[in-house]
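*Asks:* Okay, here's what each chain looks like letter by letter:
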Amino acid sequence: MVGFKRDYQGNAKKHHGPKPAAAPKSTMRNAYTPMFERLRDELDAHHDRRDRIGKASRDVTALSKKIIFSLQRVRQIDASLPQDIQAEVDSRLAEIAKLLASIAPEVQDINRYRYSRSLVCLEELVEALTFSHYLKTQTLVDQAHLAQVVEDLARQGAAPEDEVMADAGTTPIPEQAGQVAAEAPVIGVTQEDYLYGVFDLTGEMMRFATTTSALTGQMASGDGHDEPRTIVEDMHDLGSLFEMLPHAGGGNKTWEKKLEVMRQSVQKVEKLGYDRTIRGSERPKGWIPDLTTDDQPNSP
Amino acid sequence: MATPMIDPALFEQLKSKIETDTKIRKELHQILDDLNQHIAFTQGLFSRIHSTPRSKYPSLLGQVEEGIRKEIESVGKLSQFASQYPYYKYNHMWTRMIQDAISTVLLCTWLGGMGSEARPGELGRLLTLEEIGEVFQVPVNLKDQDAFHVTIEEYLLALINIVDELSRLAMNSVTLGDTSMAVQISSFIKDLHAGFQILNLKNDILRKRVDSIKYAVKKVEDVIYDLSLRNLIPAKASE
Chain A
1 MVGFKRDYQG NAKKHHGPKP AAAPKSTMRN AYTPMFERLR DELDAHHDRR
51 DRIGKASRDV TALSKKIIFS LQRVRQIDAS LPQDIQAEVD SRLAEIAKLL
101 ASIAPEVQDI NRYRYSRSLV CLEELVEALT FSHYLKTQTL VDQAHLAQVV
151 EDLARQGAAP EDEVMADAGT TPIPEQAGQV AAEAPVIGVT QEDYLYGVFD
201 LTGEMMRFAT TTSALTGQMA SGDGHDEPRT IVEDMHDLGS LFEMLPHAGG
251 GNKTWEKKLE VMRQSVQKVE KLGYDRTIRG SERPKGWIPD LTTDDQPNSP
Chain H
1 MATPMIDPAL FEQLKSKIET DTKIRKELHQ ILDDLNQHIA FTQGLFSRIH
51 STPRSKYPSL LGQVEEGIRK EIESVGKLSQ FASQYPYYKY NHMWTRMIQD
101 AISTVLLCTW LGGMGSEARP GELGRLLTLE EIGEVFQVPV NLKDQDAFHV
151 TIEEYLLALI NIVDELSRLA MNSVTLGDTS MAVQISSFIK DLHAGFQILN
201 LKNDILRKRV DSIKYAVKKV EDVIYDLSLR NLIPAKASE
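Residue numbers (UniProt numbering), protein chains in the order written: chain A, 1 to 300; chain H, 1 to 239.
Hint data in this document are derived by calculation from the structure and do not stem from the laboratory.
Don't take every hint at face value.
[Claimed, not checked] Some chain H residues flagged as far from chain A (calculated, every beta-carbon gap over 12 Å):
no., residue
1, K15
2, T22
3, A40
4, S47
5, E65
6, P86
7, D100
8, K143
9, D144
10, A147
11, S187
12, F188
13, G195
14, D211
15, S228
[As the list claims (entries may be wrong)] Cut-off 27 Å, straight-line C-alpha distance, at most; resulting in silico cross-link-like pairs (BS3-like, lysine-lysine):
no., chain 1, residue 1, chain 2, residue 2
16, A, K55, H, K143
17, H, K202, A, K258
18, H, K23, A, K258
19, A, K55, H, K15
20, H, K15, H, K56
21, A, K257, A, K271
22, A, K257, H, K143
23, A, K257, H, K219
24, H, K219, H, K208
25, H, K89, H, K56
26, A, K271, A, K258
27, H, K26, A, K253
28, H, K208, A, K55
29, A, K258, H, K15
[As the list claims (entries may be wrong)] Quick look at which bits of chain A chain H covers, simulated, 3 or more residues with Cβ under 8 Å:
no., stretch
30, 28-39
31, 119-130
32, 230-243
By construction, the Cβ of each residue, glycine as well, lies at the ideal position given by its N, Cα and C atoms.
Let the hints inform the model, and build the full structure from the sequences given.
*Replies:* See below:
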């Protein structure tokens, strides 16, 4: 850097470099100092743990969202995913598996609920996994099976690097995964994680129904059965499930909010189903409904 | 026929879990109502401290200790019930109350109450987190087991509660003619303030409450200043 500062007499001022880190607070020790130091160490450990879990959680959330985006490119339900999409999903799951394995040891026993708020990624993960399961089987995966899938992810993530990452939930962990994976700590999915994730699933199903009905000219429905169900019926089934369940969560507003959003998703899909039924044959494939109001000035 | 969208058994499972959870919360509410009454009663007794000369402390503290004994009983019931379930699932329901209960014990012992043969009461005694656990007969800072216990945060927040109370007492003691009490409170609050500065705090409720300690420090400093200006500090107690 050319030039340097001068003082009022024209003498060059010395540049002492960046200020040294502030001297540690000079605390006069008193009778309570040792106690506070111990408490500080405990709190530090807790905060550090919470930060580590939060970081991993944000990454898992982002990866889960990417899985959902990939899945939204599927065009059929009740069928295996197209290979390229399945490969994307698998690769994201492999990354998620490693992240889960990295924090699993820190959320055992009493810590599982202690860090619940930092584990919101599980809701997003439930959403992604239930969505994937629905597209492949046209059913809602139940809580026990889903919890098992998430546990297996943590085990896979703990397995040594060179193991092939199997598609979570459809193929068993290879025998060779061995002791490390089998004994690895896992992360538990609470009923709250499951239910809130399934609430969010209805939103993705609604988007899926909208896209596929516009592009394929039909409501997505199952394949090769005598009476294939459409996505409209599936949405109705999910909606009824939540309407009939007593409200969970002890007074927080989350349940009510998610219920409201789910109701809107169900109604959007209902409308699609109605449109298809009434006007299905009239519309060419790829036609998208005009959502503007009727009285529009005609453009010249 | 295709597999149904939702397994019929699933609804029953989900429903029964939610109903169980609701029952647990209901029962907790009942236990906590009782605890709350005992705490409110004890806190009410403490309000008299601001108009009680030190010589009459033993009698007042005796009544306070009665209230505290009832608190301990309720906390015992809470501990027994809540320990059946994950601690952090429901602890938000009772954490404020536990802080208040701890505050009553901290204040009582600081004022010289709850003495025993092994350890007679003395003015200025601050119980540690572990000693609080012994009073309430529950574990503290539990890490290797999922059961009811008192947390570090609860202890610290309770401690800050009595700082406010004592700063008020400092002023009222002077009014009652007890200037050495004000001096002792001043020294105690300043020591605590220094102690709280040692903690590394995040932007949470603890941080907010710790920030408020400085107002209590200032309040008591003003009282001491008023006293020293008028040479009212007893020679024995001044530095």
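*Asks:* For each hint given before, does the structure comply? Return the numbers of the non-compliant ones in rising order.
*Replies:* When the structure is compared with the hints, numbers 1, 2, 6, 8, 9, 10, 11, 12, 13, 17, 19, 20, 22, 23, 25, 31 turn out to be violated.
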